[in-house]
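Taking the hints into account, I'd like the entire structure generated from these sequences.
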Amino acid sequence: MNALPVLREDPRRAAAAAAPAVPLTALDQLWFQVSGTVCNLRCAHCFISCSPDNHDFWFMSREQVRERLEASIGLGVKEYYFTGGEPFMNRDLPGILEDTLTLGPATVLTNGTLLPGRTVERLSDLADASRYSLELRVSLDGVTEAANDALRGQGAFRRALAGIERLVAAGFLPIITAMRTWEEGETEETLAGFRGLLASLGYERARIKVLPPLRIGAEAERTHGYAPEERVTHEMLHGFDLDRLLCTRARLISARGVHACPILLDAPDARLGDTLLEAARRPAVLSEQACYTCYRSGAICSNIGSGGGDGS
Amino acid sequence: MNAATGRAVPPRRRALPRHRRVAAFGGVYSNHLALAAAIEDALGRGADALYCLGDLGAFGPRPDRVFPLIRDHDVRTIRGNYDDSIARGLDDCQCGYTDPRDNHYARLSYRYTYANTSPDHRAWMDGLPPTLRFRLGDLEVLACHGSPRQMNEFLWETATPDHFLRKLTRDHGCDVILGTHTGLHWRRRVGERSWYVNAGALGRPANDGRTEVWYALLEARDSRLHAEFIPVSYDHETLADEMRDERLPEEFIETIRTGWWTTCLEVLPAKERARGKW
Chain A
14 MNALPVLRED PRRAAAAAAP AVPLTALDQL WFQVSGTVCN LRCAHCFISC
64 SPDNHDFWFM SREQVRERLE ASIGLGVKEY YFTGGEPFMN RDLPGILEDT
114 LTLGPATVLT NGTLLPGRTV ERLSDLADAS RYSLELRVSL DGVTEAANDA
164 LRGQGAFRRA LAGIERLVAA GFLPIITAMR TWEEGETEET LAGFRGLLAS
214 LGYERARIKV LPPLRIGAEA ERTHGYAPEE RVTHEMLHGF DLDRLLCTRA
264 RLISARGVHA CPILLDAPDA RLGDTLLEAA RRPAVLSEQA CYTCYRSGAI
314 CSNIGSGGGD GS
Chain B
2 MNAATGRAVP PRRRALPRHR RVAAFGGVYS NHLALAAAIE DALGRGADAL
52 YCLGDLGAFG PRPDRVFPLI RDHDVRTIRG NYDDSIARGL DDCQCGYTDP
102 RDNHYARLSY RYTYANTSPD HRAWMDGLPP TLRFRLGDLE VLACHGSPRQ
152 MNEFLWETAT PDHFLRKLTR DHGCDVILGT HTGLHWRRRV GERSWYVNAG
202 ALGRPANDGR TEVWYALLEA RDSRLHAEFI PVSYDHETLA DEMRDERLPE
252 EFIETIRTGW WTTCLEVLPA KERARGKW
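Taken in order, these protein sequences are the chains called A and B. To convert, note that position 290 of the first sequence is 303 in my numbering; the numbers rise steadily by one, no gaps. To convert, note that position 228 of the second sequence is 229 in my numbering; the numbers rise steadily by one, no gaps.
If you are wondering where the hints come from, they were derived from the structure by calculation, not from laboratory data. Any given hint could turn out to be false.
Unchecked claim - Mimicking DMTMM-like on lysine to aspartate or glutamate, the simulated pairs with C-alpha atoms at most 20 Å apart in a straight line are:
hint, chain 1, residue 1, chain 2, residue 2
1, B, 278, A, 134
2, B, 278, B, 209
3, B, 278, A, 217
Below, the structure written as structure tokens:
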């Protein structure tokens with residue numbers, strides 16, 4: 014007797030079908046995955062597992078970015094963000110920033126380890142020439158070399174501090190971004206530690222942003238992933254201010270298309286189209302468990318917002 | 002609604018107040034001395050209409066002293082996020098701070114202002130509109146607090162692109178957007194017939210090491226907007242004494258006396274932050 018094939022439900026498809034979808038309110042933030050998944054570091058907590066040999070997403074050229082920038086004008090984009098991987102791995106980045114800063118404010122999310130004097134000088138010239146702000150967000154995940162390098166790899170701490178020191182000497186006020194790897198009750202004490210460390214580099218009025226952990230990618234392997242019930246449901250959105258979610262205000266462009274947000278680069282449901290217009294019209298489906306963190310903490314990726322808590 | 006056709010009248014054809022020279026006051030933050038000085042100055046410069054763009058309370062002493070000035074001088078007032086919070090008894094001022102230090106001072110300021118605003122004034126604020134429109138020559142001006150789409154939206158000079166502002170004027174059917182919320186005055190022409198003006202704030206100085214506060218004086222000439230920012234000197238030492246009497250934080254008093262912001266710094270973009278002292 015021939016056995017009938019057993020139809021197994023794909024859990025990812027089932028989650029997507031059951032998950033709420035949210036429309037784009039306004040395209041305020043345009044993100045560029047400008048160095049793809051290529052990074053000079055191999056951090057133990059990277060939510061998209063970037064590394065020197067992760068070539069899943071490749072660099073974007075200045076021309077590719079320029080086309081997207083032109084398309085963004087009519088949509089009224091307010092802020093431009095550049096991420097990766099490590100954006101400074103892309104040699105086109107200074108040119109890309111030059112183009113962007115003629116249009117609006119730009120923010121680069123960097124690990125700070127690829128900022129030699131000549132790069133900082135170029136950034137300083139670009140910032141001075143523009144009426145808009147150029148923000149540098151430098152990741153630092155510990156107050157000590159041991160704590161930071163346990164996550165970001167040997168030598169990362171010293172190189173990042175050298176980068177921060179050069180930025181500060183050039184007049185930048187980088188936003189130091191730390192993933193909260195400590196208990197929530199220890200935040201004030203940890204921030205005081207960061208301030209002391211940064212003051213020792215000459216950065217007296219440090220701007221510090223704390224991010225909640227996103228338990229996906231390498232971070233899920235380092236600690237643990239989300240519990241099965243940690244998902245955004247339709248009921249959770251009743252009375253909820255949707256503008257707290259990044260995907261109602263932003264889209265991400267990679268070399269492969271347009272995605273719902275920078276966290277879900279490699280989630281198939283989050284790729285919303287080839288063109289900005291197409292992706293702006295399509296709602297974002299909150300089917301990934303990382304959406305739960307954004308729901309609890311607010312749009313954690315923006316320069317302003319999120320205090321690193323999980324909203325509980 | 003047009004009674005004859007039953008169709009909605011497009012915004013540009015509605016009957017709007019017409020003015021020749023408008024004084025626009027940004028956040029007052031309970032600084033009744035600066036408000037009184039600005040009203041006198043604006044009337045002396047021939048302003049035929051006075052507008053306040055919201056945030057009557059916060060930061061300064063004795064919030065109830067602002068309301069008689071607004072009423073007696075017929076200052077047309079819209080609702081800021083602070084007014085919205087105080088009127089509705091919300092938990093905070095809706096500025097969205099996440100930095101623990103900024104949050105600490107924002108809470109102190111909010112609790113003091115809420116406790117010292119009379120129920121009558123709270124009820125009056127609950128009737129304030131979120132936006133107002135008027136005509137200046139043949140230009141239509143939309144006055145708001147943060148932005149026409151969001152009361153607590155920060156529009157900073159170095160973080161707000163021209164094309165974004167053009168879209169706002171297009172989406173909201175106006176020639177000029179007039180706002181405040183950031184506390185820093187700036188203006189820009191963003192299209193052939195589109196302007197943005199941030200009136201700054203009367204409540205605290207512009208983070209420039211000067212003790213004066215600022216307001217905007219607007220006129221239209223030949224279908225073009227002319228916006229001038231006016232510095233206002235006032236008795237800031239008396240205000241500082243009043244703040245001390247009310248046991249408001251020394252950090253707030255320092256701002257009034259030195260012209261440098263000491264709190265609520267988290268939301269400043271890089272260039273605005275770099276221009277300040279802290």
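How the hints compare with the structure:
1. B:278 x A:134: violated (23 Å)
2. B:278 x B:209: Status holds; Cα separation ~8 Å.
3. B:278 x A:217: holds (11 Å)
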